[in-house]
Amino acid sequence: MPYSCCLPNLSCRSSCSSRPCVPPSCHGCTLPGACNIPANVSSCNWFCEGAFNGNEKETMQFLNDRLASYLEKVRQLERDNAELESRIRERSQQQEPLVCPNYQSYFRTIEELQQKILCSKAENARLVVQIDNAKLAADDFRTKYQTELGLRQLVESDINGLRRILDELTLCKSDLEAQVESLKEELLCLKQNHEQEVNTLRCQLGDRLNVEVDAAPTVDLNRVLNETRSQYEALVETNRRDVEEWFARQTEELNKQVVSSSEQLQSNQAEIIELRRTVNALEVELQAQHNLRNSLENTLTETEARYGSQLSQVQGLITNVEHQLAEIRSDLERQNQEYQVLLDVRARLECEINTYRGLLESEDWQAALQPLRHEQCMRHKFLHPLWPTLPHRALQHLWVLDMPG
Numbered sequence: 001m002p003y004s005c006c007l008p009n010l011s012c013r014s015s016c017s018s019r020p021c022v023p024p025s026c027h028g029c030t031l032p033g034a035c036n037i038p039a040n041v042s043s044c045n046w047f048c049e050g051a052f053n054g055n056e057k058e059t060m061q062f063l064n065d066r067l068a069s070y071l072e073k074v075r076q077l078e079r080d081n082a083e084l085e086s087r088i089r090e091r092s093q094q095q096e097p098l099v100c101p102n103y104q105s106y107f108r109t110i111e112e113l114q115q116k117i118l119c120s121k122a123e124n125a126r127l128v129v130q131i132d133n134a135k136l137a138a139d140d141f142r143t144k145y146q147t148e149l150g151l152r153q154l155v156e157s158d159i160n161g162l163r164r165i166l167d168e169l170t171l172c173k174s175d176l177e178a179q180v181e182s183l184k185e186e187l188l189c190l191k192q193n194h195e196q197e198v199n200t201l202r203c204q205l206g207d208r209l210n211v212e213v214d215a216a217p218t219v220d221l222n223r224v225l226n227e228t229r230s231q232y233e234a235l236v237e238t239n240r241r242d243v244e245e246w247f248a249r250q251t252e253e254l255n256k257q258v259v260s261s262s263e264q265l266q267s268n269q270a271e272i273i274e275l276r277r278t279v280n281a282l283e284v285e286l287q288a289q290h291n292l293r294n295s296l297e298n299t300l301t302e303t304e305a306r307y308g309s310q311l312s313q314v315q316g317l318i319t320n321v322e323h324q325l326a327e328i329r330s331d332l333e334r335q336n337q338e339y340q341v342l343l344d345v346r347a348r349l350e351c352e353i354n355t356y357r358g359l360l361e362s363e364d365w366q367a368a369l370q371p372l373r374h375e376q377c378m379r380h381k382f383l384h385p386l387w388p389t390l391p392h393r394a395l396q397h398l399w400v401l402d403m404p405g
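Take 1 as the starting number for the sequence shown in the UniProt record's numbering and just add one per residue.
Hints are not guaranteed to be accurate.
[To be verified] No farther apart than 20 Å at their CA atoms in a straight line, the calculated lysine to aspartate or glutamate pairs in the DMTMM-like style are these:
(1) 73 <-> 352
(2) 173 <-> 245
(3) 191 <-> 227
(4) 191 <-> 181
(5) 135 <-> 123
Keep in mind the hints are simulated off the structure, nothing from the lab.
A quick note: this is a predicted structure, and the numbers were derived from the prediction, not measured.
Construct the entire structure; sequences and hints are all you get.
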């Protein structure tokens with residue numbers, strides 16, 4: 001008993017021409033084993049008349065083979081996907097995790113060295129300031145020393161001038177003393193001569209002559225000479241005392257100035273010596289600090305170079321690992337895409353299989369095969385979009401239902 005076609009979303013009113021009924025999915029298909037339908041396939045007579053010829057059997061066999069190849073490829077891709085997942089899992093389990101070495105101790109050492117360098121720089125700056133202060137103090141003391149030296153030279157020149165004056169006064173005193181001595185000798189000679197003359201005259205005259213002269217009293221020359229001598233002696237003594245007192249005062253003042261200048265000069269010399277010692281000590285300490293700074297800079301440079309090479313090696317390892325991870329991630333994404341495509345194909349195939357299974361098992365579909373006639377198939381073209389993906393069981397069922405008797 002023939003059955004009529006009552007598939008969902010399939011219309012028997014679509015026009016059917018005399019050319020072969022080729023599914024639209026066969027054009028441009030890239031799957032293996034597809035688009036090899038023989039050209040002498042009948043124009044939908046197997047659906048309309050309920051009988052299949054030899055070419056239709058070949059088409060059915062081709063579609064069954066195609067579905068089998070689809071399923072085989074799906075199973076093969078699932079096996080490949082499972083194998084790749086197992087390999088990736090084994091590789092991820094076997095690969096040891098990359099442990100980055102701990103550089104905290106080296107970082108602490110670098111920080112300590114940097115702190116030492118900063119302390120050394122601060123100490124060097126402090127020493128430079130002290131050296132500048134010492135140089136300024138030395139310049140001040142040098143200026144004071146030059147000033148005191150000029151004052152000392154002035155005082156020494158004054159002392160030399162006073163000494164010349166003292167020598168002149170001493171010579172003048174000697175001359176005056178010599179004059180006084182000569183005057184005393186001359187006075188003594190005059191006295192002796194006068195006494196001799198008086199005695200001679202007395203001897204000549206004797207008692208015979210008594211001459212009285214009514215004249216003014218004679219001047220006592222001795223008294224006058226004595227008064228003159230006493231006046232000159234008093235004047236000389238006064239001048240001598242004044243000169244001696246003045247000389248003593250000037251000498252005492254000059255001695256005081258010389259003593260104070262010598263004491264100040266000694267103190268300045270002691271300070272200069274002490275400052276020179278301090279400057280020498282600071283220069284030695286500065287040189288030591290320079291050497292320490294140079295050694296620390298060399299150590300820091302070597303440490304930076306060593307850790308820079310280690311860091312570059314670690315960076316290279318990280319780059320290699322990142323490259324490997326990127327490759328693995330790209331492989332995983334590609335396999336995931338392939339797996340999703342396969343899952344979509346599988347889901348679509350399962351959905352179609354379930355759909356056709358439901359259609360084959362429904363009684364409405366079997367009752368819908370009876371009113372189908374050959375004239376309607378010749379007037380309307382029948383083209384089902386799911387024809388290339390009909391499962392093998394559905395095709396066999398249709399084959400059995402449409403066979404005569």
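Status of each hint after checking the structure:
Proposed proximity of residue 73 and residue 352 is supported: the alpha carbons are some 17 Å apart, at most 20 Å. A C-alpha spacing of about 15 Å is found between residue 173 and residue 245, which places the hinted pair at or below 20 Å, so the restraint holds. Among the hinted pairs, residue 191 with residue 227 is consistent with the structure: their alpha-carbon atoms are about 15 Å apart, no more than 20 Å. With a CA separation close to 15 Å, the supplied pair residue 191 and residue 181 stays within the 20 Å bound.
Distance hint between residue 135 and residue 123 is fulfilled; the C-alpha atoms sit about 18 Å from each other, no more than 20 Å.
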